[in-house]
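Asks: Put together the whole structure using the sequences plus the hints.
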Amino acid sequence: MTAHDPDCEKCEELLQGYLDRDLTHKEVVIAEGHLDRCDYCRRRYRFEEHLRRYIRISASERMPAGLLAKLSELRGPTADGF
Amino acid sequence: MSESGAAEPEAEAGRRIASEARERVRFEEEALELADQVYRVARRMVGTREEAEELVQDTYARAFRSWRSFTPGTNMRAWLLRILTNLNTDRGRKLQRTPDLQPLEESDYYLANKLAAAEGEQVLDQERVVERLSQGGVVDALAALPHDFRDVVVLVDLGEFSYADAAQILDVPIGTVMSRLHRGRRILKQKLAEESLT
Chain A
1 MTAHDPDCEK
11 CEELLQGYLD
21 RDLTHKEVVI
31 AEGHLDRCDY
41 CRRRYRFEEH
51 LRRYIRISAS
61 ERMPAGLLAK
71 LSELRGPTAD
81 GF
Chain B
1 MSESGAAEPE
11 AEAGRRIASE
21 ARERVRFEEE
31 ALELADQVYR
41 VARRMVGTRE
51 EAEELVQDTY
61 ARAFRSWRSF
71 TPGTNMRAWL
81 LRILTNLNTD
91 RGRKLQRTPD
101 LQPLEESDYY
111 LANKLAAAEG
121 EQVLDQERVV
131 ERLSQGGVVD
141 ALAALPHDFR
151 DVVVLVDLGE
161 FSYADAAQIL
171 DVPIGTVMSR
181 LHRGRRILKQ
191 KLAEESLT
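Same order as they appear, the protein sequences are chains A and B. Residues in the first sequence are numbered consecutively from 1, following the working numbering. Residues in the second sequence are numbered consecutively from 1, following the working numbering.
Mixed in with the good hints there might be a few duds.
[Said to hold, decoys possible] When the alpha-carbon atoms are kept at most 20 Å apart in a straight line, the in silico SDA-like pairs for lysine to any residue are as follows: (1) A:Lys70 - B:Arg49; (2) A:Lys70 - B:Val25; (3) A:Lys70 - B:Ala61; (4) A:Lys10 - B:Tyr110; (5) A:Lys70 - B:Arg186; (6) B:Lys114 - A:Asp39; (7) B:Lys191 - A:Lys10; (8) A:Lys70 - B:Phe27; (9) A:Lys70 - B:Leu87; (10) A:Lys10 - B:Leu181; (11) A:Lys70 - B:Leu34; (12) A:Lys70 - B:Leu32.
[Unchecked claim] Some chain A residues near chain B, calculated using beta-carbon distances under 10 Å: (13) Glu13; (14) Asp20; (15) Arg44; (16) Leu51; (17) Arg56; (18) Ser60.
Derived by calculation from the structure, the hints in this document are not laboratory data. Glycine included, every Cβ here is placed at the ideal spot set by N, Cα and C.
Replies: As structure tokens, then:
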């Protein structure tokens, strides 16, 4: 619970990149080292990870029935004939 | 090379046409297999289901016309989304002004901290806490993002495109993708916090 600890601040700065797998090896070592030690940041890491998945699931809407058939009709003439 | 008369070039032309037709069919089939994924991204870039359907149809009409400009072996989903975002901009969205943003210097942990304060720190250990946010609320919060930010968040967080692909699709530098993503996610969290805690 040390929100203003400089190590936590550094961890917060790295966390989104960590979740995006966009950190350098050195940064990954720093982030993971801190997450191992810090309960506060570990909770936030799990929260962020879960939040992303939840956003993806919530916002994902399947293609309406019938759209695929409409798209197929747009195919070029060479695709006809079966 | 050989002198076998006029029949040879003709047969060659026939083979070329047949092989091009096969290539085209293969292209069309691959594109159609991606339709659901393309739609899912399109749906969150526009306001209504009807607009999304129309946009996807326009995208496929153009893609099928200009299939020759696709390089086989490259990312077709990104190629289709590039067409789609261009069409979306052409549809007049560029006329919309990005609304002035409220000062926003909240941290990346903003939503987590708000929920932790409201529910108790320990509750963040239970992954269920995220599900206190309504699914409809997530959709509304995304829709409320200024479109420049929304497009990037939708491509990366929903479409699971890399920064590099998103940069290519939107025709902006990769650094712009990263800064819009960073800011877009923060705005999204702020909206989710407002919605779930008021």
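Asks: Each of the hints needs a verdict: does it hold here or not?
Replies: Against the structure, the hints come out as follows:
1. A:Lys70 - B:Arg49: Since the Cα atoms of A:Lys70 and B:Arg49 sit roughly 15 Å apart, the hinted pair holds (cutoff 20 Å).
2. A:Lys70 - B:Val25: holds, 16 Å
3. A:Lys70 - B:Ala61: holds, 10 Å
4. A:Lys10 - B:Tyr110: Status holds; Cα separation ~15 Å.
5. A:Lys70 - B:Arg186: At roughly 38 Å apart (the allowed maximum being 20 Å), B:Arg186 and A:Lys70 break the hint.
6. B:Lys114 - A:Asp39: Holds, at roughly 17 Å.
7. B:Lys191 - A:Lys10: Violated, at roughly 25 Å.
8. A:Lys70 - B:Phe27: holds, 17 Å
9. A:Lys70 - B:Leu87: Within the cut-off at roughly 18 Å; holds.
10. A:Lys10 - B:Leu181: Roughly 19 Å between the alpha carbons, so the hint for A:Lys10 and B:Leu181 holds.
11. A:Lys70 - B:Leu34: holds, 14 Å
12. A:Lys70 - B:Leu32: Holds. A:Lys70 to B:Leu32 sits at ~11 Å (cutoff 20 Å).
13. Glu13: This interface hint holds because 8 Å falls under the 10 Å limit.
14. Asp20: holds, 8 Å
15. Arg44: Holds - the Cβ of A:Arg44 comes within 10 Å of chain B, reaching about 5 Å at its closest.
16. Leu51: holds, 5 Å
17. Arg56: holds, 6 Å
18. Ser60: Nearest chain B Cβ about 5 Å off; hint holds.
Violated hints for the displayed structure, listed by number in ascending order: 5 and 7.
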